[in-house]
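On the provided structure of chain G, position chain L as indicated by the hints.
Protein chains in written order, with the numbering used here: chain G, 1 to 58; chain L, 1001 to 1538.
Derived pair list, reagent style BS3-like, types lysine-lysine, alpha-carbon separation capped at 25 Å:
| id | chain 1 | residue 1 | chain 2 | residue 2 |
| --- | --- | --- | --- | --- |
| 1 | L | Lys-1267 | G | Lys-34 |
| 2 | L | Lys-1502 | L | Lys-1421 |
| 3 | L | Lys-1367 | L | Lys-1101 |
| 4 | L | Lys-1367 | G | Lys-51 |
| 5 | L | Lys-1304 | L | Lys-1211 |
| 6 | L | Lys-1366 | L | Lys-1101 |
| 7 | L | Lys-1147 | L | Lys-1393 |
| 8 | L | Lys-1028 | L | Lys-1101 |
| 9 | L | Lys-1028 | L | Lys-1362 |
| 10 | L | Lys-1366 | L | Lys-1120 |
| 11 | L | Lys-1362 | L | Lys-1101 |
| 12 | L | Lys-1120 | L | Lys-1494 |
| 13 | L | Lys-1120 | L | Lys-1358 |
| 14 | L | Lys-1101 | G | Lys-34 |
| 15 | L | Lys-1028 | L | Lys-1358 |
| 16 | L | Lys-1421 | L | Lys-1506 |
| 17 | G | Lys-34 | L | Lys-1506 |
| 18 | L | Lys-1506 | L | Lys-1101 |
| 19 | L | Lys-1101 | G | Lys-51 |
| 20 | L | Lys-1028 | G | Lys-51 |
| 21 | L | Lys-1494 | L | Lys-1116 |
| 22 | G | Lys-34 | L | Lys-1421 |
| 23 | G | Lys-51 | L | Lys-1267 |
| 24 | L | Lys-1116 | L | Lys-1502 |
| 25 | L | Lys-1025 | L | Lys-1367 |
| 26 | L | Lys-1028 | L | Lys-1366 |
| 27 | L | Lys-1494 | L | Lys-1506 |
| 28 | L | Lys-1101 | L | Lys-1116 |
| 29 | L | Lys-1025 | G | Lys-51 |
| 30 | L | Lys-1445 | L | Lys-1393 |
| 31 | G | Lys-51 | L | Lys-1366 |
| 32 | L | Lys-1120 | L | Lys-1101 |
| 33 | G | Lys-34 | L | Lys-1502 |
Treat the hints as calculated values from the structure; they're not laboratory data.
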Amino acid sequence: MGLSGAAWATLIVPTILGIVVMVLYGYWDRITGKEYYVDEEILAYDEDLLKELEGGKA
Amino acid sequence: MNSGVLLGFLVYLAILAYIGWWANKFTKTEDQYFVGGRKVHILAASLSDKASDFSGWLMLGYPGAAFKAGLGAFWAGIGCLFGTLADYVLIGPRLRIYAGKFRAITVPDYLEARLKDNTKLIRIIGAAIILVFMTAYVAAQFAAGGKALSEAFNISVNSGILLTVVILTAYVITGGFFAVVWTDVVQALFMVSTLIIVPFLALGKVGGFEKATSLIAQADPAKLHPFGGAVGIAAIIFAIGYASWIVGYLGQPHIVTRYMSVEDPRKLRRPGIFISGVWTILVLWGAFFAGFLGFALYQGGVLKVTDPEKVIPAMALELMPSWLAGFVIAGIISAIMSTADSQLLVASSAVSRDLYHKVLGKELGKKQMVNIGRVVVLAIAIIAMYYAMSGSKFVYAMVATAWGGLAVGFGPILTLSLWWKRVTKEAGIIGMAYGLLSEVLLEAKIYGWAFHPDAPGIFGVIGSWFKDVPVFFVNFFVTLVIIIIISLLTKPPKEIVETHEKLFLKVPVKEGESKVMKARAKSQVENVAAFVKARGIA
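Looking at chain G on its own, in the form it has when it is part of the complex:
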């Protein structure tokens, strides 16, 4: 019997749309050539954690 065309469309169309959103957003920086500015102040890693990691204890 299988599924009708409308039933398959319900399953597949939103999934493909989701993948399109993923690809567009995922590569938006490449598409526009611009990205958020990020520096050490924004990354703001916990200093104690960095020391722990640098100490080779991780």
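Same frame as chain G, but now just chain L:
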């Protein structure tokens, strides 16, 4: 007790115990205990985001809905997929940038700093929203864990609840955020493996997709209809009813805290959205088809199902060797624990960080603050365990309201504060307070999950306008409008507008990096020669 199932489950427990022990090294400050020092690997943050999001609903509730409603239940999956994507597009990177800038550990931390609220009201209301709804949520997860363990190992539900609490609380207390995210990674892998294997086994057992759909159509043709047999406006309301989950994603603190913890905001764009998106598609298709094909097996007389929500455990025990069924049971427990651990940690942060540390102004040493966090985790776990075992009606009412309460309490203000420089603290305070009170009143007291015309007085009239549409979906947009109007009537401080504008100025990709790379690629002599030539010295 089935020894194969027990073996599979013990392997899973051993992995959790190891991660808890390993992560203990990285729990020395509040930053580490609650957001992993903002240096969590993107793979762990993305998978933890999804594992925290999908609770027992993914392994029990959603397949149960597919079993009962058929194809129409897939709209819930569509809502969850686009909710996941909306979180990355609207919340993730910007929230991580602000969290770093303000050294924020919790969502109320961020909101207070972003809106420059010196009254502490935003923090108090935020902590209240988290505490009321998250504690209830944790209790519900404990109850679900207890039921799952009770089914799997033939023990009492209360013993199952106690076992869930002991396992989960042990690794949350020991390893904090790092333990939670890395156990979530393991749990996410258990969940996705289970939801890939089970539908394929079911398909083989039932004799192919054509046979499965024939069996389903014989029982109820509406189960093969995209809108459960509804047409016109009823079909649209049917789809909105399921897909309304989208807006709920924008305000769940246990989910968005993952974005605050990630090592680099740019990684949420790539590969973050791909890891979360692909995982979500796989599990939602898998869980849907597990329930859908489970119904065909049930109709074909191959499978006995006493409760539609137990269709996956029933299929595992029927279709798999016992040791593999043990991993499936672990997958179900994983879904429950991975949500409960995240919610427990967020609820704890609301007390120890937001109320004790910031509102009361109590600050001890770094280690002491972490230990206070641990004590609060234990206290909330015990309270939630009590509620789970006693089956409190108040808690059930709060659980039913929790998704909507968090969505309306945090979603509009979080989204607007990340994208609109004009939003003000007055709007934040009123919007969040309205979100908390209106959800408790409308969902827990008047309507329940969706609007209906049987409510008293004017609420019955409103209920007839929005009949069958989930309350939080409409209330989300009402709150959004309230925040916008109040923001336009008030004025934000100049410095927070400037900070917002500067923070999200975009810079050219690679250009800056490639110049540095080129300079470094040259030898020292070549750089000196270029400098001399440029200055005309030689």
